[in-house]
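Asker: Chain by chain, the residues run as shown.
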Amino acid sequence: GAVVSQHPSWVICKSGTSVKIECRSLDFQATTMFWYRQFPKQSLMLMATSNEGSKATYEQGVEKDKFLINHASLTLSTLTVTSAHPEDSSFYICSSLSGGNQPQHFGDGTRLSIL
Amino acid sequence: EDQVTQSPEALRLQEGESSSLNCSYTVSGLRGLFWYRQDPGKGPEFLFTLYSAGEEKEKERLKATLTKKESFLHITAPKPEDSATYLCAVLVSTSGSRLTFGEGTQLTVNP
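Chains as they are written, first to last, in the working numbering: chain R, 1 to 115; chain X, 1001 to 1111.
For the record, the hints were derived by calculation from the structure and aren't laboratory data. The structure displayed is predicted, hence computed values, not measured ones. Do not take every clue at face value.
To be verified - As a list, the in silico DSSO-like pairs of lysine-lysine whose alpha-carbon atoms are at most 27 Å apart: (1) X:Lys1068 to X:Lys1079; (2) X:Lys1069 to X:Lys1057; (3) R:Lys41 to X:Lys1079; (4) R:Lys64 to R:Lys14; (5) R:Lys20 to X:Lys1063; (6) X:Lys1063 to R:Lys41; (7) X:Lys1042 to R:Lys64; (8) X:Lys1069 to R:Lys41; (9) X:Lys1042 to R:Lys14; (10) R:Lys55 to R:Lys20; (11) X:Lys1042 to R:Lys66; (12) X:Lys1042 to R:Lys41.
The following block holds chain R by itself, in its conformation from the complex (with noise of 0.2 Å):
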C-alpha cells in the first residue's frame, strides 16, 4: 500500500489563486519531507527540504515566498504555491524519509495547471 499519500492529484485554478499541496507520511514518521517539481520527459528536480518544526531549506534558485512549505508534523507537510502563474504549472512530487540512509518514498504527485 501507498507509504506517502499526496493530495490532490490534479488542480486547475485561475492565475492569481494561492494553490496548497498536502503530503502526508502513512506508515512512518518522517523527520525530512522533500519537494519536487518534474517537467515532462525530465527528471526529478529538489527544491526544497523540510524537516518538522524548523524552517524548510530552499534550493538555488527556487524562491520561498513563492513556493511555502510548512511542516507542522511528523507525519505532514503541506507545499503552498502563492499567487500562481502559468508558469507554475507543473508536476509536483513530495517525498518522505524516515532517516539515516534509508530511501525516500514518493508520494503520487500532483498535476498544477494554472490558466
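With chain R's structure known, arrange chain X on it following the hints.
Answerer: Positioned in the frame of chain R, the structure of chain X alone reads:
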C-alpha cells in the same frame, strides 16, 4: 560536483528480451544508490537500495548490482507491464539527505 548519468535514455525491447540499464556515478562518499520506477503521471516507486560495491538485490524480473563506479539494473524476460521510466539516485556524504538523480531510462516492452 556529484554526477549521475543513466544510459540509454530510451530502450525498446520485445517481450522476453533481457537487457540491462546503466547508472554511472561520480561522487564523493557514496552512502547509498537507489533505483526507482516511475509510471507516467505518478511519483517514483522505490525498487532497491545498494550500499556497497559487490552488493546485489533481486525482485521478480529485476536485479540490481553495484560497483565502485556504476550500477546496473538487469531485466530478465521483461513483460509489457515493466514499461516505465527507471530512475537511479545517489545519496552522498556531502549532501546531507538530498538525493542526486539521473535523467532516467524510458523502457518500453512490446508484446
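Asker: Each hint needs a verdict: does it hold in this structure or not?
Answerer: For each hint, the structure was consulted:
no.: 1; hint: X:Lys1068 to X:Lys1079; verdict: violated (30 Å)
no.: 2; hint: X:Lys1069 to X:Lys1057; verdict: holds (17 Å)
no.: 3; hint: R:Lys41 to X:Lys1079; verdict: holds (23 Å)
no.: 4; hint: R:Lys64 to R:Lys14; verdict: holds (21 Å)
no.: 5; hint: R:Lys20 to X:Lys1063; verdict: violated (39 Å)
no.: 6; hint: X:Lys1063 to R:Lys41; verdict: holds (25 Å)
no.: 7; hint: X:Lys1042 to R:Lys64; verdict: holds (26 Å)
no.: 8; hint: X:Lys1069 to R:Lys41; verdict: holds (25 Å)
no.: 9; hint: X:Lys1042 to R:Lys14; verdict: holds (24 Å)
no.: 10; hint: R:Lys55 to R:Lys20; verdict: holds (17 Å)
no.: 11; hint: X:Lys1042 to R:Lys66; verdict: holds (24 Å)
no.: 12; hint: X:Lys1042 to R:Lys41; verdict: holds (13 Å)
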